[in-house]
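Grab the two chains, each in its own frame, and use the hints to assemble them into the complex.
The lines below spell out each chain.
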Amino acid sequence: MVCLVIPLASGMRSANLGFPNFPDDVEIHMPGAIYAEGLVKTFGDVRALDGVDLDVPEGTVLGLLGPNGAGKTTTVRCLTTLLRPDSGKAVVAGLDVLRQPDAVRRSIGLSGQFAAVDEYLTGRENLQMVGQLYQMKAKDAKARAMELLEQFDLADAADRPAKTYSGGMRRRLDLAAALVVSPPVMFMDEPTTGLDPRNRQLLWEVIKRLVSGGTTLLLTTQYLEEADHLAHEIAVVDHGRVIAKGTSDQLKARTGGERVEVVVHERDDIQPASEVLSGFGKGETTVEDHMRKLTVPVTGGAKLLAEVIRELDSRGIEIDDIGLRRPTLDDVFLSLTGHVAEAKSEENGKEETAK
Amino acid sequence: MSAINDSAVIARRNLIRMGRIPEMLIFGLIQPIMFVVLFTYVFGGSIQVGSSTSTQAYREFLMAGIFAQTVTFATAGAGAGIADDMHKGLIDRFRSLPMARGAVLTGRTLADLVQTALTLVVLAVVAVIVGWRTHENAGKVLAGFGLLLLLGYAFSWIGALIGLSVRTPEAATSGGLIWLFPLTFISNAFVDANQMPTFLRHIAEWNPFSATVQACRELFGNLPPGFKAPDAWPMQHPVWASLIWSVLIIAFFRTLAVRKYRSATA
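Protein sequences, first through last, are from chains A and B.
According to the working numbering, the first sequence holds residues 1 to 355 in order.
According to the working numbering, the second sequence holds residues 1001 to 1266 in order.
Chain B on its own, in the form it takes in the complex (with noise of 0.2 Å):
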């Protein structure tokens, strides 16, 4: 199948390239670094989740969150590294030889979503290191580490469109992370979404983002004590709402961004 080779050398070239800037992987690491260490002794005493206003208790729900947040991070990188490729005349090159249409977008999501990976395995030591625990068995936890790269791969999608709509990666690096700060921050991350104002509890308890990190605190066992799950149906189920949503995003920008790809002028 040349869908497959052509994505598959794609994504080569663009693992290839991660290799020789290894900044980008080490920049990349900084924010969510900085972010477990300011929740977890900044605000960390002052926050309470569920019943608990213990400093461990929040430590172990805000993980998820900040997973969740880590991942979705890769719309910028893929947004912006396409962005480039367009700007460089390598999308004309691409769309001028006989290959499969999606592959260039598809290698180059791969790719970052095995960034993505090493991105989390490095957090989730860091985590370890300030006291972040699982309790739930190994196939739970991996099964939450799964629909984060799920997420993940889901929006280095949105990423991949919006990279080929702005004209310098510049622009698609900061349209990649705008969206990103309310997306993340009105949801379950940070603090328990029952604590807020009622609209923003609605946006926050539908929000894909929130059924991921719901689904990853019951997964890794960190839901606080006394802690209660919203009424709203992505937070009483939120794996399947965790799938459903990634799926969803995948489908409609995967088509999109295609689509794009197709009559993509630099």
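Chain A with its partners taken away, still in its complex shape (with noise of 0.2 Å):
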């Protein structure tokens, strides 16, 4: 079977797009914003990338997840023409990566693990910086640092030194930069690592504002919290390799069904309780005694779980908690590796390589 790959524009400037004519029997595979396939790293002898295949369609986020020297950032680099693969192939934006570097990073805004601006130059001038770099005239990227700095609810610090930035400024400062051009196709590695929850939130409801105006966006996370809100399609990633593929349902499913979860209010209820979820239970029922709470698992979702309030109620058992509990990103982590999500003890993902 011959798997011809078209390279397609996403919202691009600069493409060039000339169609040639197909015969009618070629399977025609169109990749999306972001295309990766059978990409290779190796480091000495560790292999960082170990085959990665990626496929993004235009205006969604990936979010890839994995713990530390998985392999995130070096598939991040490799995509943004820092890092040149052993092998495998990439398209980003319609754009050979290996071919088309130069035209590729015009369409590219990089986000990166460290707040990666000029700590002596101000919010204004690393922002009209970055506008110049872009092969803006001078006077455009002055007005578009002004319109960012404004968006990035910077304006009031727009000119004093990035120094003086709180660690969540900083991360917005370096997210402004990358967004200097509106790139049709974003990069963020590890977007919040390090910000408190305050300034986290803050940031997921900028991406989020980013991706409802179309922008593709593949972003690297250890936090299953932050790919479970953020990202239409999940890849985990764990030795060089994804190891799932799937938006956050499919993969909860992955890991088994659903249960219920009761917590009564009297330690002489968990017997009869007990017998009425054996009831409706597709499984063994587990008591936890001292927290006085009961799981099982089930099908039939939210409908079961009215039945099985329901029941209770009619029987006079009181609770004080009762729900429909789906697994975590953290199970379905440990279903498929085997090992939790942790981080590894290596520096921040400096080298991805450490296993």
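Take the hints with a grain of salt, since some may be wrong.
[As the list claims (entries may be wrong)] The calculated lysine-lysine pairs, modelled on DSBU-like cross-linking and capped at a C-alpha distance of 35 Å, are: (1) 139/A x 1140/B; (2) 1140/B x 245/A; (3) 89/A x 1088/B; (4) 208/A x 142/A.
Keep in mind that the hints were calculated from the coordinates and are not lab data.
Structure follows, in structure tokens:
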């Protein structure tokens, strides 16, 4: 079977699309705004990437999820022209990353793990500089810097050296720098690592707004919650390979179904409640005595949950809490890799090579 | 031309930084000023140059050497600056932008050239205060400073390569300085190379650094009475030798540094 790969431009200004006429019996595969096939990269005898395949449709967000050293940063570096893979193919915004790196650079924004801003320059000077290096005229770069400073809530700090910024402000400035030319494709490498919860929330809002504007985004994260929150699709990476792919729901479903969890008010109610749950459950009911908590695997979702509540109520069993618990991405990771998604002890992914 | 624009943008960025960290410039001045004072007043009376043991003759002989040594210290500045940019992830950002490949390094070395020029101005003033005088016309004196700046620019490219090759800014600073001491001392900078043992004398005569020092002494009219230039070609034609060495250093290290930059990984 012949498989032709046509780079599909995504809101691209510069892509030159000449579609040849294809014979009828040729299967045409249209890759997304970010497409990778069999990316391999070795550092010494460590295979940092061991055949990574990705396909991110235009306008969607892919969350690349994995622990430190899994190959997330190396993948991003290969796709953003910073690192040349040993083998494999990569197409970003319809452009071949290996053959047209300069054209790719015009179409992407990269926000790395470290807030890559010049700390002695002011926020405004940083953005102007990046704008000019994206080949904007000085005047346009100035106007755009102004706009972004407003948009990222940095206008008050515009003329202060970035050194004086808080961690969250630096991240926002870094993100603004990646968005100077409103690139159709964005890469964010662990955008919220090291931020406090409030700043993380703020940055999530910014990212959501960005994506609603149609930008294609590849985002790496160690936070399962973050991938769940922001990504349309999640690719779980471990040891340089994508080991699972799907929506958050699909991945959760792979780990096994949902469970009903009940916390009864009185210790004496545990026994009768257990009988009720066994009637509805698809498996054994587990009981945690000290927490007065009962758990049973079920199928049937919310409708079933309502029936359980009614039945418990009719027997006069008072409940403190009841819920339909679906597996978390932590459970997913554990069931896929056999180990939890813990950060390995190396320095923050700088060398995404160590195992 | 995007290469020129991009280099100018980066040079401007580095000059803004320089203005906001004035202590860098100040610390850069302390050592050469210290050397001027130490060599003039401590060693000055006991070092013979040419046929003269006069303090004034040595004082004038010395300054070209200190000027030249000072400009080569630009190596450490460029190296530390670029290593710092690597460390902070800025090089990654620049490399992901559609800008000219060599511009980050060219911009940095041009900014260092401005810093070197400022340092030379201050140092020349100090030299005049302790009694340094030139005995040639202004054109020749300026040409001498031109050669010094060119040498400094050439050495900042060595620094750029060092900065891209080490892991930390601290390593770049020491890696940019350590080898400068033997290089600048096994030369004609502080003593008359004629008085060195044969083996060292040959090194000193062909040392790129010596060529610039000798050229400046000629252009400043600072050769001591009774001084006979060694027979080695660079010492007989120091201005040409200085130009050729500097251009060769730039061509060689710029090529290596730009290549290194293209595959740089923090």
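* Are the Cα atoms of residue 1140/B and residue 245/A separated by 35 Å or less? -> violated, 72 Å
* Pair hint residue 139/A and residue 1140/B, alpha-carbon separation not exceeding 35 Å -> violated, 42 Å
* To do: Given the hint that residue 89/A pairs with residue 1088/B, test it: the Cα-Cα distance must not exceed 35 Å.
  => Between residue 89/A and residue 1088/B the Cα gap is close to 29 Å, so the pair holds against 35 Å.
* To do: Would you check the hint for residue 208/A and residue 142/A, treating anything up to 35 Å between C-alpha atoms as holding?
  => Status holds; Cα separation ~26 Å.
The structure fails hints 1, 2 (numbered hints given earlier, in ascending order).
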